[in-house]
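Asker: Since the structure of chain D is provided, determine the placement of chain F on it from the hints.
As they're listed, the protein sequences go chains D and F. Under my numbering, think of the first position of the first sequence as 1, with each following residue one higher. Under my numbering, think of the first position of the second sequence as 1, with each following residue one higher.
Simulated from the structure, these hints should not be mistaken for laboratory data. Accuracy of the hints is not assured; some may be wrong.
[To be verified] In silico SDA-like pairs for lysine to any residue, Cα to Cα no more than 20 Å straight-line:
#: 1; chain 1: F; residue 1: K44; chain 2: D; residue 2: K78
#: 2; chain 1: D; residue 1: K73; chain 2: D; residue 2: D96
#: 3; chain 1: D; residue 1: K70; chain 2: D; residue 2: T60
#: 4; chain 1: D; residue 1: K55; chain 2: D; residue 2: S30
#: 5; chain 1: D; residue 1: K109; chain 2: F; residue 2: R113
#: 6; chain 1: D; residue 1: K70; chain 2: D; residue 2: P41
#: 7; chain 1: F; residue 1: K44; chain 2: D; residue 2: M89
#: 8; chain 1: F; residue 1: K44; chain 2: D; residue 2: P41
#: 9; chain 1: D; residue 1: K109; chain 2: F; residue 2: G40
#: 10; chain 1: D; residue 1: K78; chain 2: D; residue 2: V13
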Amino acid sequence: AQTVTQSQPEMSVQEAETVTLSCTYDTSESNYYLFWYKQPPSRQMILVIRQEAYKQQNATENRFSVNFQKAAKSFSLKISDSQLGDTAMYFCAYEDSSGGGADGLTFGKGTHLIIQP
Amino acid sequence: EAGVAQSPRYKIIEKRQSVAFWCNPISGHATLYWYQQILGQGPKLLIQFQNNGVVDDSQLPKDRFSAERLKGVDSTLKIQPAKLEDSAVYLCASSLNGPTFFPETQYFGPGTRLLVL
Numbered sequence: 001a002q003t004v005t006q007s008q009p010e011m012s013v014q015e016a017e018t019v020t021l022s023c024t025y026d027t028s029e030s031n032y033y034l035f036w037y038k039q040p041p042s043r044q045m046i047l048v049i050r051q052e053a054y055k056q057q058n059a060t061e062n063r064f065s066v067n068f069q070k071a072a073k074s075f076s077l078k079i080s081d082s083q084l085g086d087t088a089m090y091f092c093a094y095e096d097s098s099g100g101g102a103d104g105l106t107f108g109k110g111t112h113l114i115i116q117p
Numbered sequence: 001e002a003g004v005a006q007s008p009r010y011k012i013i014e015k016r017q018s019v020a021f022w023c024n025p026i027s028g029h030a031t032l033y034w035y036q037q038i039l040g041q042g043p044k045l046l047i048q049f050q051n052n053g054v055v056d057d058s059q060l061p062k063d064r065f066s067a068e069r070l071k072g073v074d075s076t077l078k079i080q081p082a083k084l085e086d087s088a089v090y091l092c093a094s095s096l097n098g099p100t101f102f103p104e105t106q107y108f109g110p111g112t113r114l115l116v117l
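With the rest of the complex left out, here is chain D (with noise of 0.2 Å):
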């Protein structure tokens, strides 16, 4: 079975500061995809960026951007120019797509990230 690991359960910043969330996983499947989620305080859940396992280049989307080691099995997310609205949770998850469709995903226990004014 998949598991994810974030060893991080908060981290506090300044505002405009960068801050880089990591995370670890696990598996023996070669295609699968990555994903950070960030959750709000009492707000749903919306995807902050996504990365396919067969890609090389690292995904970006605007201030975030990640670190794909795939040897390593890792999967950090950089936050740059942070800004208030940040503050969240926020998890790490993966999805295998080795069998083709979709599938559920495999969180981490999520990181509360704080960004200080």
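Answerer: Just chain F now, kept in the frame of chain D:
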């Protein structure tokens, strides 16, 4: 485009009582997921539907949990009888997923927060 709708938003019951949650996915989304998110943890997949058929229910405690998706649209998740450890947020998500090999973004609803006393 309307998002994933869930009701009720909050529910308090006593142990051994029954409870039901409702989810209306985004229009046209073929795949629907129910996740359980216990406080301090990441969501855990309970069941996945493709249209009105069950794709994966391996983590659903079938002695007390049941789910259905009539006509491939709305879905209900039921717990009967509830236990204290069922206290959690129950998240519904949907994705477009047609006949494709590529996992598509899952869109989450606001969740139903259940407290079992």
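Asker: Now tell me, hint by hint, if it's right for this structure.
Answerer: Evaluated hints:
The hinted pair formed by F:K44 and D:K78 fails the criterion: a straight-line CA distance of about 25 Å is larger than 20 Å. Restraint check: the Cα-Cα separation between D:K73 and D:D96 comes to about 14 Å, which is no more than 20 Å; the hinted pair holds. Under the criterion of a C-alpha separation no larger than 20 Å, the hint pairing D:K70 with D:T60 is consistent with the structure, at around 17 Å. Between the alpha carbons of D:K55 and D:S30 the distance comes to roughly 12 Å, so the proposed pair stays at or under 20 Å and holds.
A hinted pair counts as satisfied when its Cα atoms are at most 20 Å apart, and D:K109 with F:R113 qualifies at roughly 18 Å. Proposed proximity of D:K70 and D:P41 is contradicted: the alpha carbons are some 31 Å apart, above 20 Å. Taken as a hint, the F:K44 and D:M89 pair is honoured in the structure, with Cα atoms around 16 Å apart against an allowance of 20 Å. Taking the CA atoms of F:K44 and D:P41, the gap is about 19 Å. The hint holds against a cut of 20 Å.
The suggested pairing of D:K109 with F:G40 holds, with an alpha-carbon distance near 7 Å, which does not exceed 20 Å. Taken as a hint, the D:K78 and D:V13 pair is honoured in the structure, with Cα atoms around 13 Å apart against an allowance of 20 Å.
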